[in-house]
Amino acid sequence: MKIILFDGDCNLCNNTVTFVIEKDVNNTFKFASLQSEFAKKKLKSTGVVNLSTIVLLDNNQIYTKSTAVFKVLKELKGYQWTRIFLWLPKSVRDFFYKLIAANRYRFLGKQESCMLPSKELLEKFIN
Numbered sequence: 010m011k012i013i014l015f016d017g018d019c020n021l022c023n024n025t026v027t028f029v030i031e032k033d034v035n036n037t038f039k040f041a042s043l044q045s046e047f048a049k050k051k052l053k054s055t056g057v058v059n060l061s062t063i064v065l066l067d068n069n070q071i072y073t074k075s076t077a078v079f080k081v082l083k084e085l086k087g088y089q090w091t092r093i094f095l096w097l098p099k100s101v102r103d104f105f106y107k108l109i110a111a112n113r114y115r116f117l118g119k120q121e122s123c124m125l126p127s128k129e130l131l132e133k134f135i136n
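My numbering puts the first residue of the sequence shown at 10, with every later residue one more than the last.
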């Protein structure tokens, strides 16, 4: 099972989750907000303390920042080609990731609380 941990207060992150759900034709991903108890327990022993990044839990592997983004994209219908970006040095990929992450609230704003999934999507989310 692959689990995406995302900032539930961030509109860019919430829009990204919606995008992934729409393109995830193989039902590969589950989701949890970084603010959830599940995420806190999962990340407690990993050393991941920066909650301003997307986190992909893929079996026993943990991916963050640009690596997580491109690992997710390569699983989505029509976006498998993006795996070529994984060949770029992580420092280059993460430079652009950090630039967007640092300005994400300015670009699309912030929510007062985490998104609430519809009844149809509830099984995709972990509390």
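These aren't lab readings, by the way, just hints derived from the structure by calculation.
Accuracy of the hints is not assured; some may be wrong.
Between beta-carbon pairs, the in silico distance windows are [claimed, not checked]: (1) 44 x 132: 27 to 33 Å; (2) 46 x 91: 30 to 36 Å; (3) 87 x 55: 28 to 34 Å; (4) 90 x 47: 18 to 24 Å; (5) 35 x 101: 27 to 33 Å; (6) 20 x 132: 33 to 39 Å; (7) 89 x 53: 18 to 24 Å; (8) 108 x 34: 28 to 34 Å; (9) 91 x 116: 19 to 25 Å; (10) 10 x 100: 18 to 24 Å; (11) 104 x 83: 26 to 32 Å; (12) 28 x 61: 29 to 35 Å; (13) 117 x 54: 20 to 26 Å.
Taking lysine to any residue and the SDA-like style, the derived pairs with C-alpha atoms no more than 20 Å apart in a straight line are [as the list claims (entries may be wrong)]: (14) 133 x 98; (15) 50 x 21; (16) 49 x 10; (17) 80 x 117; (18) 83 x 30; (19) 39 x 109; (20) 83 x 98; (21) 107 x 82; (22) 86 x 116; (23) 39 x 76; (24) 133 x 56; (25) 39 x 61; (26) 32 x 66; (27) 32 x 134; (28) 107 x 117; (29) 39 x 69; (30) 83 x 102; (31) 39 x 89; (32) 49 x 34; (33) 51 x 76; (34) 11 x 32; (35) 107 x 10; (36) 99 x 117; (37) 39 x 99; (38) 51 x 136.
The structure presented is a predicted model; accordingly, all values stated were derived computationally and were not measured.
Virtual Cβ for every residue (Gly too), placed ideally from N, Cα, C.
Results for each hint:
no.: 1; hint: 44 x 132: 27 to 33 Å; in the structure: violated, 20 Å
no.: 2; hint: 46 x 91: 30 to 36 Å; in the structure: holds, 32 Å
no.: 3; hint: 87 x 55: 28 to 34 Å; in the structure: holds, 31 Å
no.: 4; hint: 90 x 47: 18 to 24 Å; in the structure: violated, 32 Å
no.: 5; hint: 35 x 101: 27 to 33 Å; in the structure: holds, 29 Å
no.: 6; hint: 20 x 132: 33 to 39 Å; in the structure: violated, 23 Å
no.: 7; hint: 89 x 53: 18 to 24 Å; in the structure: violated, 33 Å
no.: 8; hint: 108 x 34: 28 to 34 Å; in the structure: holds, 30 Å
no.: 9; hint: 91 x 116: 19 to 25 Å; in the structure: holds, 20 Å
no.: 10; hint: 10 x 100: 18 to 24 Å; in the structure: violated, 30 Å
no.: 11; hint: 104 x 83: 26 to 32 Å; in the structure: violated, 20 Å
no.: 12; hint: 28 x 61: 29 to 35 Å; in the structure: violated, 19 Å
no.: 13; hint: 117 x 54: 20 to 26 Å; in the structure: violated, 32 Å
no.: 14; hint: 133 x 98; in the structure: violated, 32 Å
no.: 15; hint: 50 x 21; in the structure: violated, 24 Å
no.: 16; hint: 49 x 10; in the structure: holds, 18 Å
no.: 17; hint: 80 x 117; in the structure: violated, 24 Å
no.: 18; hint: 83 x 30; in the structure: holds, 14 Å
no.: 19; hint: 39 x 109; in the structure: violated, 24 Å
no.: 20; hint: 83 x 98; in the structure: holds, 17 Å
no.: 21; hint: 107 x 82; in the structure: holds, 18 Å
no.: 22; hint: 86 x 116; in the structure: violated, 26 Å
no.: 23; hint: 39 x 76; in the structure: holds, 18 Å
no.: 24; hint: 133 x 56; in the structure: violated, 26 Å
no.: 25; hint: 39 x 61; in the structure: holds, 19 Å
no.: 26; hint: 32 x 66; in the structure: holds, 19 Å
no.: 27; hint: 32 x 134; in the structure: holds, 16 Å
no.: 28; hint: 107 x 117; in the structure: holds, 16 Å
no.: 29; hint: 39 x 69; in the structure: holds, 15 Å
no.: 30; hint: 83 x 102; in the structure: holds, 15 Å
no.: 31; hint: 39 x 89; in the structure: holds, 19 Å
no.: 32; hint: 49 x 34; in the structure: violated, 28 Å
no.: 33; hint: 51 x 76; in the structure: holds, 19 Å
no.: 34; hint: 11 x 32; in the structure: holds, 15 Å
no.: 35; hint: 107 x 10; in the structure: violated, 27 Å
no.: 36; hint: 99 x 117; in the structure: violated, 25 Å
no.: 37; hint: 39 x 99; in the structure: violated, 25 Å
no.: 38; hint: 51 x 136; in the structure: holds, 12 Å
Consistency with the previously given hints fails for numbers 1, 4, 6, 7, 10, 11, 12, 13, 14, 15, 17, 19, 22, 24, 32, 35, 36, 37, ordered from lowest to highest.
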